[in-house]
Amino acid sequence: MTQQSQARYTWGGDEFLFIEIAEGMSLEANFISNSIANALEAKALDGVIDICPANASLLIRFNPDTLPPAELEQVARSLEAEVRASTRQVLETRIVEIPVWYNDPYTNETGARFRAGYHQRPEGNDLDYAAEVNNLADAAEFIKRHHESPWLVSMVGFVAGLPFLYQLVDREHQLEVPKYLSPRTDTPALTIGHGGCFSCIYSVRGAGGYQMFGVAAAPIFDPGQELADFADFMVFFKPGDIVKFKPVDEAEYKRIQAEVEAGTFTYRQAPVSFDLAAALADPEGYKATLLEALNGI
Amino acid sequence: MAFEIREPGLSTTVQDQGRIGYYRYGIPQGGAMDQYSASLGNRLVGNTPAEAVLECTYIGPRVVTTTDAIVAVTGAPVDVFINGMPAPQYARLALAAGDELRFGVIQGGTKYFIAVHGGIDVPSVLGSRSTYPIGAIGGFEGRALAADDVLPVGAPIDNGLPVLSTIAEEDRPVFSRDVSVRVMLGLYEHHLSPEGIDNLLNAEWTLTPVADRMGLRYSGPGVQWREREQPFGAGQDPSNIVDAGYAVGSIQIPGGTQPIILHRDAVSGGGYAMVATVISTDMDLVARCAPGTKTRFVAVTMDQALEARHEHAAQVAKIWS
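These protein sequence lines map, in sequence, to chains A and B.
Residues in the first sequence are numbered consecutively from 1, following my numbering.
Residues in the second sequence are numbered consecutively from 1, following my numbering.
FYI, nobody ran anything at the bench for these hints, they're computed from the structure.
If you only want the chain B side, here are some residues facing chain A, beta carbon under 10 Å, derived:
#1 GLY26
#2 ALA136
#3 ILE137
#4 GLU189
#5 GLN230
#6 VAL242
#7 ALA244
#8 VAL267
#9 GLY269
Idealized CB from N, CA, C, for every residue including glycine.
Can you make the complete structure from the sequences, with help from the hints?
Have a look at this one:
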């Protein structure tokens with residue numbers, strides 16, 4: 001990467017600085033966004049209120065009474081230059097296994113209610129459509145592609161605790177599916193959604209425009225902080241987390257739900273160093289390295 | 001001390017100055033939509049500016065107080081009744097135990113506020129008592145009020161009551177059907193064609209009924225986008241971007257038809273290009289608009305936005321001095 005500052009800096013009114021790293025999504029852009037966010041956080045500048053790294057951009061909320069806009073921009077530009085100049089691009093993070101009941105009755109029932117006027121393909125379900133637009137044989141083949149390679153949490157937001165996920169495969173193997181033609185007014189909580197190249201997990205029930213592929217078995221947002229994984233905070237995911245989906249059947253889904261109900265469920269997870277250069281050089285090989293960490297526990 | 005909710009009103013929520021610092025997790029700032037009006041109420045009843053108030057939307061609640069209470073009603077013009085007798089707005093009101101507070105028809109705007117000495121004493125969640133219904137946190141059980149709720153009111157505050165017992169006419173907010181909202185162009189305004197920017201800034205827009213704490217949608221001539229090749233991951237429509245964080249107050253125009261101003265409970269990010277942002281000072285003004293309000297978006301610079309911010313801060317300081 002070059003030392004030159006390449007991002008676009010622009011203001012969202014008098015309280016927000018927006019930094020667009022790149023127009024298009026890429027692992028590199030996401031890595032830069034997160035690295036600038038972490039570096040700015042470490043500086044603990046007076047007047048910086050909230051740092052929100054996103055897929056290929058970064059939104060910073062500040063108090064212009066304490067921190068003049070020009071001063072914040074100058075700090076951010078120098079951090080960007082440092083991040084681009086850095087030779088070691090490694091993120092100390094974790095890999096988490098998320099059990100998913102793919103092709104489940106809840107999302108299928110909801111999908112069936114939003115067909116005419118909402119969806120591109122009235123016949124079949126969202127998985128059938130996703131398989132078709134990705135030139136895959138059938139829904140089963142699409143599901144396999146969806147869970148066999150891990151995903152990076154490239155952004156958290158939209159609603160409380162919702163992770164946007166970018167699959168750690170090369171550009172040609174990215175699963176791309178258009179969003180619904182018009183957003184649904186309902187999506188079951190914990191739906192695995194997909195729009196463009198991003199998957200997501202809907203943390204709460206509500207409106208949504210992403211295609212629906214299944215439901216996660218355990219919560220990712222726990223306002224009551226009842227489960228051990230939420231002891232520190234009600235939101236489970238943070239940018240940089242790595243997710244491995246694990247397909248489960250109805251019996252396994254219900255067993256996990258019972259554990260959640262009893263308050264005993266914990267996610268299978270392991271610490272991992274994510275090396276950007278290694279991930280870009282050999283996505284397939286690097287996948288094995290990441291999954292090893294999870295298999296080791 | 002408590003308020004017994006006999007009728008909840010259309011959508012009555014507990015709000016304060018907002019939950020700042022959790023936007024990175026998708027948790028919106030929340031808080032009273034019209035901060036200035038809420039602040040006037042807190043001032044009249046002898047609170048600090050941080051106490052929680054009730055935000056009423058069009059139709060307010062019917063409330064009975066279990067003990068003596070000092071209250072004030074500020075914000076949108078509405079008839080106020082204590083035990084059926086008319087009472088003034090923007091004034092300190094004394095309620096005796098068992099008194100009933102209710103409201104008549106709203107005469108402008110959409111939101112008015114009930115402040116009570118001691119504040120609405122629901123638990124603070126992530127530093128705020130504001131209600132976030134989607135995440136079911138804050139406020140009273142994470143939701144709008146319902147009939148038979150018993151809402152705790154805080155203990156009396158030591159510092160006594162201010163001399164000020166009514167708000168002077170010139171210090172009250174104005175509820176107009178014809179407003180100019182100051183915005184700063186930016187974020188993705190370069191995706192608009194020159195004609196699109198011209199429409200945004202020079203056309204008259206009308207607030208539609210699709211307006212709530214999350215966002216306010218306007219009808220008008222629409223805007224045009226520049227022709228461009230969509231980048232990887234952005235989606236096909238020219239109003240789409242790779243999903244990004246949304247500035248509070250930013251204006252997006254899905255499909256190029258109806259601008260939406262994102263307000264205090266909006267989603268924190270998404271895939272629609274934002275083309276301008278309402279300056280912080282004018283967010284209250286936007287919240288005061290009723291559907292049908294004629295709206296012009298006036299572009300200002302950062303320096304002008306900061307100047308407006310300082311003037312507004314001076315006005316608030318005057319009320320609290």
